[in-house]
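Enquirer: Chains E and U are the protein sequences, given in the same order.
Note that the numbering used here has the first sequence beginning at 1, numbered continuously upward.
Note that the numbering used here has the second sequence beginning at 1, numbered continuously upward.
Misleading hints may appear alongside valid ones.
As the list claims (entries may be wrong) - Facing chain U, from chain E, some residues (calculated, C-beta under 8 angstroms): (1) T31; (2) G62; (3) G74; (4) E82; (5) G226; (6) K230; (7) P281; (8) S282.
Stated by the list, open to error - Covered stretches of chain E (chain U as the covering partner; in silico rule of three or more C-beta atoms under 8 angstroms from a C-beta of chain U): (9) 36-49; (10) 270-278.
Said to hold, decoys possible - Cβ pair distances, simulated, as ranges: (11) S79(U) x K207(E): 46 to 56 angstroms; (12) N103(U) x D64(E): 36 to 46 angstroms; (13) N103(U) x I206(E): 19 to 29 angstroms; (14) D219(U) x D40(E): 25 to 35 angstroms; (15) P95(E) x D31(U): 28 to 38 angstroms; (16) E238(U) x P231(E): 39 to 49 angstroms; (17) V201(U) x P95(E): 29 to 39 angstroms; (18) K235(U) x K301(E): 52 to 62 angstroms; (19) E238(U) x K301(E): 55 to 65 angstroms.
By construction, these hints were calculated from the structure, which means they are not laboratory data.
Note that the structure is a prediction, hence the values are computed from the model and not measured.
Glycine is no exception: its CB is placed at the ideal position from the N, C-alpha and C atoms.
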Amino acid sequence: MGLEKLKTVLKNERTSKSLELKTPIIGASGTYGYNSEFEDFIDLNCFGAISTKGITIEKRLGNDGDRIFEVQNGLINRIGLENVGINAFIKEKLPVLRQKNIDFLLNIAGSTIDDYEKLAIIAQENDIKALEVNVSCPNVKQGCLEFGLNPNSLFELTRKIRRNYDGFLIVKLSPNTSDIKALATAVEQGGADCISAINTLRGLGIKIDYVGNKFLKKTVQGGLSGTCIKPVALYMVNQIRQAVKIPIIAMGGISKLDDLFEFILAGADAFQIGTANFIYPSICSNLAFELNDFMTKNNFKDFEHLKGAIINE
Amino acid sequence: MKSKNYIGKIKLIEKINHDVYKLDIQSSLNDCKSGQFVSVLCPNKTLRRPFSICDFDKENKILTILIKLKGEGTKYLSSLKEGDEINFIAPLGNCFEFFKDKNALLVGAGIGIAPMLFLKKEMNERNINNYLISGFKADEEVIEGSDETIVGGSVLDNIEKIIKEKNIDVIYSCGPIIVLKMLSQIAKKLNIPCYVAMERVMACSIGVCRGCIIKLVRDNKIDNFSVCKDGPVFKGEEVLWD
Numbered sequence: 001m002g003l004e005k006l007k008t009v010l011k012n013e014r015t016s017k018s019l020e021l022k023t024p025i026i027g028a029s030g031t032y033g034y035n036s037e038f039e040d041f042i043d044l045n046c047f048g049a050i051s052t053k054g055i056t057i058e059k060r061l062g063n064d065g066d067r068i069f070e071v072q073n074g075l076i077n078r079i080g081l082e083n084v085g086i087n088a089f090i091k092e093k094l095p096v097l098r099q100k101n102i103d104f105l106l107n108i109a110g111s112t113i114d115d116y117e118k119l120a121i122i123a124q125e126n127d128i129k130a131l132e133v134n135v136s137c138p139n140v141k142q143g144c145l146e147f148g149l150n151p152n153s154l155f156e157l158t159r160k161i162r163r164n165y166d167g168f169l170i171v172k173l174s175p176n177t178s179d180i181k182a183l184a185t186a187v188e189q190g191g192a193d194c195i196s197a198i199n200t201l202r203g204l205g206i207k208i209d210y211v212g213n214k215f216l217k218k219t220v221q222g223g224l225s226g227t228c229i230k231p232v233a234l235y236m237v238n239q240i241r242q243a244v245k246i247p248i249i250a251m252g253g254i255s256k257l258d259d260l261f262e263f264i265l266a267g268a269d270a271f272q273i274g275t276a277n278f279i280y281p282s283i284c285s286n287l288a289f290e291l292n293d294f295m296t297k298n299n300f301k302d303f304e305h306l307k308g309a310i311i312n313e
Numbered sequence: 001m002k003s004k005n006y007i008g009k010i011k012l013i014e015k016i017n018h019d020v021y022k023l024d025i026q027s028s029l030n031d032c033k034s035g036q037f038v039s040v041l042c043p044n045k046t047l048r049r050p051f052s053i054c055d056f057d058k059e060n061k062i063l064t065i066l067i068k069l070k071g072e073g074t075k076y077l078s079s080l081k082e083g084d085e086i087n088f089i090a091p092l093g094n095c096f097e098f099f100k101d102k103n104a105l106l107v108g109a110g111i112g113i114a115p116m117l118f119l120k121k122e123m124n125e126r127n128i129n130n131y132l133i134s135g136f137k138a139d140e141e142v143i144e145g146s147d148e149t150i151v152g153g154s155v156l157d158n159i160e161k162i163i164k165e166k167n168i169d170v171i172y173s174c175g176p177i178i179v180l181k182m183l184s185q186i187a188k189k190l191n192i193p194c195y196v197a198m199e200r201v202m203a204c205s206i207g208v209c210r211g212c213i214i215k216l217v218r219d220n221k222i223d224n225f226s227v228c229k230d231g232p233v234f235k236g237e238e239v240l241w242d
């Protein structure tokens with residue numbers, strides 16, 4: 001493939017736990033399916049990993065009604081964590097990931113600390129290399145958002161997952177807070193190896209049509225994603241970088257090569273691509289190739305050197 | 001057949017009524033079936049826009065879609081000129097099922113006629129008896145190509161009579177959800193299978209985002225199905241309409 005330059009190692013220096021990625025580009029949870037859904041559009045060897053759809057203990061059907069609302073340069077979703085549940089994931093989805101040799105982060109979500117512990121134990125038992133903990137889904141009424149916004153409960157949650165899981169532990173942070181540094185610190189102290197950020201922002205979409213002397217109204221409240229959230233994501237990643245030493249997987253509106261550079265300067269060690277997959281289904285591998293071409297043309301030996309150059313020059 | 005991202009060229013763009021444009025797109029796409037759709041990039045919008053395939057000319061690899069003006073995305077597409085490039089993913093979704101010896105009734109309501117025209121063509125090529133009835137709100141909205149066109153009233157007004165007169169064994173339809181629902185109920189009452197092509201707002205168009213979910217009752221269980229990947233064609237009797 002010739003993407004050796006892009007090999008990325010995310011390493012928690014304190015514990016020496018690390019995660020090796022073929023490239024620093026990861027398909028974000030909820031936009032990449034469970035395993036090989038994108039194989040018609042990309043070479044599965046040409047990107048770092050996929051983060052699976054958020055998995056809960058039980059199967060979930062998600063929210064009724066409209067789930068998608070398009071806004072200027074973005075998208076509001078209220079899927080509501082629809083997923084097959086951990087048992088079906090282990091039985092039906094995991095074998096495909098393994099058989100096709102797809103690197104992945106298992107994204108998990110729960111409504112109680114107990115749920116997260118159980119999911120961590122199952123991940124441990126099934127030798128899953130990396131776990132991404134969703135503590136911040138804005139689309140479910142109970143559960144993860146409450147943990148995600150309080151540093152004390154987030155610390156406790158991270159610690160309990162850590163006790164049950166030896167692999168590479170990533171906690172995904174919510175931007176819907178006034179103090180992201182406190183959340184990041186809590187996660188690091190709780191024993192996480194890495195932070196991914198940001199999850200979607202809370203948003204409200206409203207559409208009003210005036211038809212036949214009447215206002216027809218539609219409102220959709222959910223998580224906002226897409227290029228419109230990039231400045232918020234850059235700010236949050238930068239704040240997290242100032243607060244912690246563990247690596248950061250950055251996401252929020254990434255759709256082109258320049259965005260990767262900007263996130264590196266803000267503090268990113270790897271990237272996730274979300275909403276852009278819906279528009280350009282090949283984007284995860286295309287960005288890897290573009291990054292590789294840039295590095296080859298400009299004599300950057302590897303991704304670490306590129307990062308160093310962007311940060312220090 | 002695998003879905004792929006194609007860059008096509010507009011061979012023809014033609015305004016066919018007061019707010020519908022016909023687009024002929026030439027690309028390397030070499031096959032598709034009626035019921036399937038394409039997802040077109042609108043550079044001025046976040047999301048792609050899905051369109052039913054209205055025709056496909058295999059020899060010249062020309063795909064036809066009908067675009068009804070609804071908002072900024074469709075407005076952009078209607079402004080394209082012959083020779084312009086167009087980025088689309090195709091073919092997407094499942095397709096209509098054929099029955100060799102059955103008399104088929106095709107019902108297109110409004111812009112829902114688009115996949116029915118392609119289905120009719122495919123049935124004609126297979127010598128399957130078919131009758132296409134379409135309905136439009138007003139004269140300026142009519143799209144040609146049906147065996148019977150109803151303007152003003154509902155396309156369903158005389159449907160039971162037509163089903164009996166023409167010895168219909170199977171029904172296919174596309175259009176507003178209320179039409180599909182009522183037609184499915186009529187078909188159920190008469191014990192005739194009815195296939196409906198559904199429409200929902202879509203984000204990914206390939207089944208991963210779960211944005212375009214409908215509920216079906218299958219094997220006595222209610223479950224989610226995506227319109228983009230599991231559909232857009234469903235058995236009307238399986239759809240949980242409310």
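Enquirer: Next, verify each hint and record whether it holds.
Expert: Evaluation of the provided hints:
no.: 1; hint: T31; result: holds, 6 angstroms
no.: 2; hint: G62; result: holds, 6 angstroms
no.: 3; hint: G74; result: holds, 6 angstroms
no.: 4; hint: E82; result: holds, 5 angstroms
no.: 5; hint: G226; result: holds, 6 angstroms
no.: 6; hint: K230; result: violated, 13 angstroms
no.: 7; hint: P281; result: holds, 6 angstroms
no.: 8; hint: S282; result: holds, 6 angstroms
no.: 9; hint: 36-49; result: holds (count 4)
no.: 10; hint: 270-278; result: holds (count 3)
no.: 11; hint: S79(U) x K207(E): 46 to 56 angstroms; result: violated, 23 angstroms
no.: 12; hint: N103(U) x D64(E): 36 to 46 angstroms; result: holds, 38 angstroms
no.: 13; hint: N103(U) x I206(E): 19 to 29 angstroms; result: violated, 48 angstroms
no.: 14; hint: D219(U) x D40(E): 25 to 35 angstroms; result: holds, 28 angstroms
no.: 15; hint: P95(E) x D31(U): 28 to 38 angstroms; result: holds, 31 angstroms
no.: 16; hint: E238(U) x P231(E): 39 to 49 angstroms; result: holds, 45 angstroms
no.: 17; hint: V201(U) x P95(E): 29 to 39 angstroms; result: holds, 33 angstroms
no.: 18; hint: K235(U) x K301(E): 52 to 62 angstroms; result: holds, 58 angstroms
no.: 19; hint: E238(U) x K301(E): 55 to 65 angstroms; result: holds, 57 angstroms
The earlier numbered hints that this structure contradicts are 6, 11, 13.
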